[in-house]
Each structure stands twice: as structure tokens, then as C-alpha cells.
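Be aware that the sequence shown starts at 1235, since it is given in the working numbering, and climbs by one per residue.
Hints are computed from structural coordinates only; laboratory data are not their basis. You may find that some hints are simply not true.
[Claimed, not checked] Calculated cross-link-like contacts (lysine-lysine; reagent style DSSO-like; alpha-carbon spacing at most 30 Å):
1. Lys1280 - Lys1329
2. Lys1381 - Lys1364
3. Lys1277 - Lys1321
4. Lys1284 - Lys1300
5. Lys1270 - Lys1353
[Said to hold, decoys possible] Cβ-Cβ distance ranges computed for the label pairs, FRET-style:
6. Ile1238 - Ala1395: 23 to 29 Å
7. Lys1364 - Met1246: 43 to 49 Å
8. Asn1427 - Gly1254: 48 to 54 Å
9. Pro1332 - Thr1371: 23 to 29 Å
10. Arg1255 - Lys1459: 15 to 21 Å
11. Thr1335 - Asp1361: 20 to 26 Å
12. Lys1459 - Met1246: 49 to 55 Å
13. Leu1382 - Phe1435: 30 to 36 Å
14. Leu1382 - Pro1332: 31 to 37 Å
15. Pro1289 - Ala1395: 22 to 28 Å
16. Glu1276 - Glu1384: 36 to 42 Å
Glycine included, every Cβ here is placed at the ideal spot set by N, Cα and C.
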Amino acid sequence: ISLIGKRVVDSMVKFSLNKGRTLTVTPDHLVVVSDKLGNLNEKCAKEVNKNDYFPIVLDGLGHNKKEIILDLYKYIDCDKERVLVGKVPQNFANKLRPHLTYYEHSDFRRRDWRAIPLKACLNAGIDISKLRVKTGTSGTWIPSTIKLDEDFARFVGYYLAEGCVTDNRVLLSFNVKEKDLIEDVKSILGKWNINFSSRVFDWNGKPSAYTFKISSKILSNYFLKICGKNSYDKLI
């Protein structure tokens, strides 16, 4: 295959540029060149002359990292589910008034903070990116948004390798000897301030598996839609 696929050419063109750079291509290879005014043009290598300039990078490309924020609250249908936003500031009372019942609004005005329906917050145009959300009365509070960073990517990796979704819960199971991985998951969940329960399961009378359980329909919906449910269909 290597012999059949190998391209055989009669000659090569080598350009020696300033700053010690070189460029070697076949005579019919297209290259981008510029004139003295900076106008770019394509030429075959064999047509390039000394009046042409090669645009090259002198000091590296630089990396402008774009911050990516995941809106976890968008992975639940607030028209069908009772999704709540926690600790909404009271200075939004007037904006929320048209979107709350009389009792919801009066209760919101009386208390220091109260969980407000997500739908009401969205309809009122309130920014909930720094607030926390959950479903119903027993769900776990989670951030409404999470930054896609190394910690989040690693958590997704843990889910793909050792996780599943069942009964609106996210489960991660490790061997009890994988203490570094267990502590890393604890650290990530602590960073997001997400509560979890854990349990050690025995096998043949000895501790075998350490399992995390996060009771969040919102988070479980995210993993269902993005990564899959279990080992039969998980992927990214």
C-alpha cells in the first residue's frame, strides 16, 4: 500500500526565507503569496519570483480561548416539569409580579429568599446564570450554568467510563482502591457545590465498589441527551 500510494515527482522547489525559514513543495503546489501592498494571491510554486512575499507567522499564533458556558437548565422542559430557581434577589419582585400568582408574589416579598419557578424567571428576563436550579421539592440544587473547563471535561470522562443514569439520578462507580479518582470526583462536585450521597458495596465480604449518587433530574437529563444512558449507548 505504501509503494502504490507513494507519490513520485521529478523535482521539488525549495524556498529559503528570512528568519531561517524554508519551504519545500512540488512545482505545481499552490502557495499563497503577497505583493508589497499586502494583496494576497495564489500561485503555483514554479511561478513564484523574487518580487513575491510569503506571509509567515513570526511569533506564534497566540490562543484566544473562548469561554464556553453550558446552560444546564435548558436540558429540562420547564413547561412540563416544576423547575425552581433558588435565592432569587428580592429586587426582582416587580419584574416577577406579572409571572407569579398573587400568593407566590406576596410570599416572595415577605421572605429573605424563596425558590421561584424557572419559567417565571425566564419570562421576566432575569439572568439566572449565577443562580441554582432543581426540580420539585426533593431534587438536588445544581448550578444553572457550568463552565466547560478541564474539571467538567474530566467529569464527563468519568461518566463515560464509570457512569449511568437511572431514576433521574447520575451514578458513578469506582473500585474502592481508585482513591485518586474518587477524591477527584469529590473535589469537582465540591467546586460546583453539588450535594451527593455515596455508598460502598461489598463483594465476597470485602469492600468492592464506591458509588456516587446525584439526585438531579436536570443533570441526568443533560447526560442522557449528550452522552447516553449506560454502557450500551454512551459516547461523545
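The hints, checked one at a time:
Note on Lys1280 and Lys1329: the hinted pairing is violated, with a Cα-Cα distance of about 69 Å set against a maximum of 30 Å. Distance check on the hinted pair: Lys1381 and Lys1364 sit about 11 Å apart at the alpha-carbon level, within 30 Å; holds. Note on Lys1277 and Lys1321: the hinted pairing is violated, with a Cα-Cα distance of about 63 Å set against a maximum of 30 Å. Only pairs whose Cα atoms come within 30 Å are accepted, and Lys1284 paired with Lys1300 is rejected, the gap being roughly 40 Å.
Taken as a hint, the Lys1270 and Lys1353 pair is broken in the structure, with Cα atoms around 59 Å apart against an allowance of 30 Å. Separated by about 40 Å at the C-beta atoms, Ile1238 and Ala1395 break the suggested range of 23 to 29 Å. Between Lys1364 and Met1246 the CB atoms are about 59 Å apart, so this pair departs from the stated range of 43 to 49 Å. At roughly 53 Å, the beta carbons of Asn1427 and Gly1254 sit within the given window of 48 to 54 Å.
For Pro1332 paired with Thr1371, a C-beta distance near 25 Å keeps the hint of 23 to 29 Å intact. Between Arg1255 and Lys1459 the beta carbon distance is about 47 Å. The supplied range of 15 to 21 Å is therefore violated. The beta-carbon spacing between Thr1335 and Asp1361, approximately 23 Å, falls within the hinted interval of 20 to 26 Å. For Lys1459 paired with Met1246, a C-beta distance near 51 Å keeps the hint of 49 to 55 Å intact.
Separated by about 32 Å at the C-beta atoms, Leu1382 and Phe1435 satisfy the suggested range of 30 to 36 Å. Between Leu1382 and Pro1332 the Cβ separation comes to about 34 Å, which falls inside the hinted range of 31 to 37 Å. At about 44 Å, the CB distance of Pro1289 to Ala1395 disagrees with the hint of 22 to 28 Å. A hinted range of 36 to 42 Å for the beta carbons of Glu1276 and Glu1384 is consistent with their spacing of about 40 Å.
The earlier numbered hints that this structure contradicts are 1, 3, 4, 5, 6, 7, 10 and 15.
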